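*Asks:* Combine the two chains into a complex, taking the hints into account.
One letter stands for each residue in the lines below.
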Amino acid sequence: MEIKFIIIITVALFFIALVQLMKIYDLAAKVRGEKSQEKVSRSENMLMANLMLVFMVVFFGFVIWLISKYGSNSGLYTSATIHGRDIDELLMFNWWIILPVFFITNTLLFGFSWKYYHREERTALYYPHNNKLEAVWTIVPAIVLAFIVIYGLMTWNKIMYNQEKGEIVEVYGYQFGWIVRYSGVDNTLGKADYKMVSATNPLGVITESTIKDTYLEIDQRVNDIDSILSNNINGDGEYLLPESKVDKLQEELDRHKRRKYRIEASIDRKENNVNVYESSNDDIIVQEIHLVKDQPYTFKFRSKDVIHCPWFPHFRAQINAVPGMETSFALTPTITTAEMRADPDVQKHWENINVIHNERKRRIGEEEERVLFDYVLMCNKICGAGHSNMQLKVIVETQEEFNNWIENNGDNKRLTFSGQEVSWSKTKEQASL
Amino acid sequence: MAHDTHHHKESFITKYLFSQDHKMIAKQYLLTAIFMGAIGITLSALFRMKLGWPDERFPLLESILGSDAAPDGLLDSNWYLGLVTLHGTIMVFFVLTGGLSGTFSNLLIPLQVGARDMASGLLNMIAYWLFFLSSVLMAASLFIETGPAMAGWTVYPPLSVLAEFQPGSGLGMTLWLLSMTVFIASSLIGGINYIVTILNLRTKGMTMTRLPLTIWAFFITAILGVLSFPVLLSAAVLLLMDRGFGTSFYMSDIVTSSGALDATGGSPILYEHLFWFLGHPEVYIILLPALGMTSEIISTCSRKPIFGYRAMIGSMLAIGFLSFIVWGHHMFLTGMNPFLGGVFTFTTLLIAIPSAVKAFNYITTIWKGNVIMTPAMLFCIGSVSTFISGGLTGIILADSALDISQHDTYFVVGHFHIVMGMTAILGMFAGIYHWFPKMYGKSMNKRMGMVHFWITIVCGYGVFLPMHFLGEGGLPRRYYENTNFPMFDHFLDLNIMISIFASVGVIAQVIFFFNFFYSIFRGPKSSQNPWNANSLEWTTPVEHVHGNWIGEIPTVHRWPYDYSKPGKDTDFVPQHIPLDDNEEEH
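Going down the list, the protein sequences come from chains A and B. Heads up: the first sequence runs through residues 1 to 433, numbered per our numbering. Heads up: the second sequence runs through residues 1001 to 1586, numbered per our numbering.
Do not take every clue at face value.
Restricting the straight-line Cα-Cα distance to at most 25 Å, the calculated cross-link-like pairs of lysine to aspartate or glutamate (DMTMM-like) are [stated by the list, open to error]: (1) 1027(B) - 282(A); (2) 393(A) - 1145(B); (3) 30(A) - 120(A); (4) 132(A) - 1585(B); (5) 245(A) - 1164(B); (6) 300(A) - 282(A); (7) 39(A) - 1543(B).
No lab work stands behind these hints: they were computed from the structure. Quantities reported herein were computed from a predicted structural model and do not represent experimental measurements.
Only chain B is shown next, with the shape it has when bound in the complex (with noise of 0.2 Å):
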């Protein structure tokens, strides 16, 4: 192979900070999007308050957010927003993208291929390092005076580019930009990374037919992302110079309170569009990951191969294909030729296909298992079960007529929590949970973890289908307070019901947090093959070492799924064992 184990003496910068190691990148990815993860999740609970209860005064949230953003212990309505739009942000880009591709891109391209690192180590570190930046930048938004970016998480323009129309537009949407444009540096450079290594480091016998579908689901969302990130940062650099520059790509006859401004001849429109374009993948980009990781763990949880594993490659590369050309499905009304949104319709619906094979494949790879109930299981199992539910909600969004009585209300937040949040947050604590002992050679408490999966997965459910409810009955989402409108009186204790599950739900996360830290430094200590799992990965020492196996690589010789396979001792046949003589593959 290219280089042979490295054993000379690091100090701790270049073993902790400045590693160019996969490992120790995966681990600063992963507590980076735990930080972040927690800040996401508790705007959340906060701004959830105001929505519960609105017309109570919550102390607690003017000493958390200052005075001025709650004076009196009141929310501000500017700040309302400027928590939704960096909850959406956080979460979306930071925890859901950066977080779950970073951290397992990194920690299992290299192992499962049988690599000794990752194509370029350097640029790895680099990328890590810009991830580290744009948060930093982003988190630091909150701690301005007027306030972060607050005009959603899709920060449309105009109202994006003048602090006139929000406080937040002013120097927090300037962080905003900035952060997203060395995140998407950041993104790209770890994606290119991503793909080289899959196309050229694989060890000798694995073919791409014989990858694990977590390596599938981390290529074509690297190829995505390359595609589509590239576009959010030309939407971005557009949006910089309309702020600062006075060009005026998405500005057009405006009237503020000074008077007309210059502006003429742009169209919000086009941003929308180049927004979107990146949008619509990054979907694709959060899901398919979690998918990709459910599939490896309900195989090896349920001791029996995935169900149709060229099926489940084909119909990611269908999805993957099919998110390009569906991002018209946000704009539907946005006044765009009525045509067009009919093209939409049918190629969104489309998506449908391939996800309806994805789910059956799932179900019947647990039917007639024999299902071992860990707790990375179990966060699969409620994984497919959200994937399944939002799913079919996103049936009636993705049909331009119903979009008419349903767009932007509540209805599309519950959809979209279920079937991109939900599965792919539970699909990454599949993963924490399923390769936490790879990472730290500790085991994390099962029973904790247990416990942690039932309380998430009832009270994701009970936060957001109520939500589809509220969107049937006509309450737009992102308002600061539905009490102006007496037709929506009735849902003021659907709404307490609703906070008080996010309340709960997001402090069990604790539980989590506890786990997590303290098995890193407490937890007892792994054996090499926990899971007796088939994939390379479970070859290679506990302890981490540099080029990750001792010696030679492993051959393959098998497709990662040879579980309860007839004729054969143990319930597992690892990939580097190679095949009896008149074996067949699959």
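Isolated chain A (complex conformation) (with noise of 0.2 Å):
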């Protein structure tokens, strides 16, 4: 409470003393011969020109420390896909003529304000218009936009008609955080529904035993809902519960039966899904994205509750996951995490950022730690209180890494659906956070 009391008095305090400054300006004004604020002084002017020239340059300045700072990608480095290196390219391309123009014409704004200012005895060119002028800063501008459009909309149509069939990755993303599916020696995924999801199955993956499961579930529930139902009732049929209480059981009720309803209606359908209940044989959920170098890869990504948007910041990769709809990305990584680690620019700039980094642990009474380059998945798609930490380690390693990693990482189970001895633990907690 005191401190809003000193904050108003100051702020009162504050603007009185401003009028009494303005009240003591205007008596000066008034002393000077000064009779309107209209009219601006020869000296005024010569002053804001000048100032134009003085703000030009320490503008221009500024975008050039920024460039020479933070330019070359701001630690994002060379593109680790290949397609991120066409849109790299394709970037710098546009840089080299942006760059130019921004320059050139802040130039002549900022220089043409400075040297046209007003003085009494010169005399402004009366100039109304210039066809031809004009058509040259029409037909330029879109002669050199047409180069900009081809080139984009080639680099556009590569990444996104890539044909090359990839190795299948899904990415399910939910508040706040990722759930990885690697698809397996067959190479496709087991179908999902949301219908099915639930606290042991994360995905809603549908095979046979899963099926049954929800099932088991749905019925526990229900009559668990109806045994508390009957047993709050009293001889003339009345609800011994509040009646919001009791709406609300028996809405969940219904959606129970609802939900049980659609999925024998249009899942559990298996003369038509034998082969979606085997697909799903050998899929595996893990913790962490582990990817081989130089393998083409097809990204499918689905969302559980609302819109995320999985960005792969080293990959130039992204794309939203949509409730209700599946959303792909193909791309194939070129450089593994121990070579980008090894890159003396990447060390360099990871010495920095540790430095940085414990600094900052080091105030805020945080035991201080190494940090290394990792590539990394978040989230770009404001999705509620956790959006800032969605984060998902992604790690690029040889061929051989990757079978010692799919084989025998203690941390990182098989999770399959044929097998049942694997371990569901670790999902279960992600899946009910």
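*Replies:* If you want it as structure tokens, here you go:
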């Protein structure tokens, strides 16, 4: 309360001081013989004109400083994918057109404002139009833009209509994290449906056993609610519970029944789904994305709740994950994590990051640590409170390293739908977040 | 003319509150916009504190926002998104749409076309009060315990549908939708009125090609608004139904903590299409009035006709038309058909051509001019500079292939704040300084105006230029904190710099607020035509009268840009002065 009071007093005093200052200024202006605020004096015009020039120099200096310090991709280095390098080249092409135009037009603008400031003895040139000149600056930008459009669309089509069949990996976004599923030897993801999503089946994968489990789960909950309702009824058929609670329970009951009916009607059709059931047998759910260098991948994205946007900054790859719709993005990583860490530029950059990182850690009283370069997946579409921390480590490695990891990684146990011995626990934790 | 000058006595209520006089309504719009603008920029300064100093606790935050929003001075992550959302909504809709068009279309259309008032004074008054109501509703959502809408100013479903996804999607979002519905009604009523007035109430001799460029800009703006706002209304109504009535226009295949929802068959992409069908023309609804006023002021203060008058009109028409077929560039990465992405890249880059024409025409107008550095002119030069700088980075974002690596990063934030935010706000300031004498019959203090300009432009560029580099480094926008990723640690000091520029820039606006309100009450009385300008509004008396002109409305004989015309005694020839015997028009 006191702070607020002090703030209010300070602000009020500030304004009173300002008003007094203005009064002094007005008086001084009167003494000087200035009658109005409308006429800008010669010295003021000159001062403003010179400031235009000073500003231009500082402004350009600032831009050049920013480019020299943070240019060259601000820490994203060379793209680690094939298509990413196309994007980077296209970007450089655009910068080489944009930056000269930026400097030239701003120089003309501020330069003319400086050169042609008002003096009584000068007269402005009456120059209402010049069709030739206007045609020039319509046609020249049109030609330049034609190049930009053509080059841009060629790159876009190359990336988006990538026909190469890659290994399929699914990334499933939820508030606030990702679940990753490899499609296994058959390179086909087992079919999934949001109605099947449960604590034990975080991706909603459809198999005979998950359908059975889902029925069990639904039946159990339905029985629970039924028994709550029937235990709380009196002789006259009135509920002893508050009305709102009863409504809520009944609503939930209906929802479970509807869900079961819909699963029966649209999902539980064994005769249509034999292949579907089988393709999930070798699917694997993991905690980190491991990719093999030079292997093409096709990422499939789904979302559990709201729109997310998987963003791999070092791969120059992102596309939205939209509930109710599957999106995909194809990419081929070309540099392993180890190679990237060994790069002298990257090493230098991460030395610097370590210094800044640990300075902050000391300041906030946390333990210092050594941070290393890693590829990362993050969320790039506003999705709620945890939006800024939806991260997943991505590792690019050689085929041997990958095989080694997938065969006997203790922490990322294989999770298949055929072998029941594997640990569900990790994903269970994650799914119930 | 339709009616003569009225001189009946007015009460306080009919004069200051429920006035039907366009000049008073313009002032009402301006005051509301300044009030909303103060809220909007303050919010940005508050969330910039968190971004600049992620580990500091600011007791100030708790005392301003309350302990729900900033317990122990540390901004809550949901509230952070709430502040971002309301900052965007308020600046885009309430300051730069309602405020900018509302103020200057109302003030200048009747005065510059030579009309006694708007076509319908009553509708005009209703439009303002709806705008006021929607402003109150939006501001009120800041005082809810669960916070205002938090899904970003675009409020994409499903995030904005269920309070389970974020607390602001409850009551806060309901207020947002109600406010926007009222706002849209206000915009439509206002827009129709502007169009009708411009088409029907021009004075004798005021042909369409003798209209000041301000009027052309307001005219095209109003058409854009009338054609696109209804689409946002339908998007909002469908969203309201998804939220309250169990429909699933935008919802499908969603699992919440209480299990799978019933909703099926809808698509959030539908909402995005509807939203951006307004959202992109909206950018030009914001920009064009500012550019129109800039044209007028640059010509007046350079004492030189605007270069390429017809090309300026043509390029505004082209921008207006193109703005309707480019909305998909906000959605390249939604999973939309890649072919469609290619089409939108093409149409979007087309806009660069008329924009280039405009920029070069401004520069040529200043060339060999006799530039008087009034505060308004300074703001115009700044506005042209930001229009160029921000427009150029737009070329990168328009390219769908490049959008893959820039989409929704800080590059986008830097780009649109410079090209749309700063250009429009600098243009709006220019308009306020230039037409303040017309509004209040007083002059604003010029030196304060100059100081205000220099601090604003330096801080504006200081905030938004570095953001491009954050974006190039891959930093996503709308992140509550960047410290979760060590790869962004080297941006720590850049973010501090941005936050310092932002706070200084926001505090510097106090100079403007003070100058504005001080001058209303204590500023020196202005003369009738302080800038020696040609357009009709400067032929009206300084004291406001009903019907604008005492006696006849002047007849127009020439275009409004006869500055420094050879063979004339003065360096300006107002529009109502007849042509000499063998004088060419232009």
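*Asks:* Looking back at the numbered hints, which does the structure fail to meet, lowest number first?
*Replies:* Failing hints, ascending: 1, 2.
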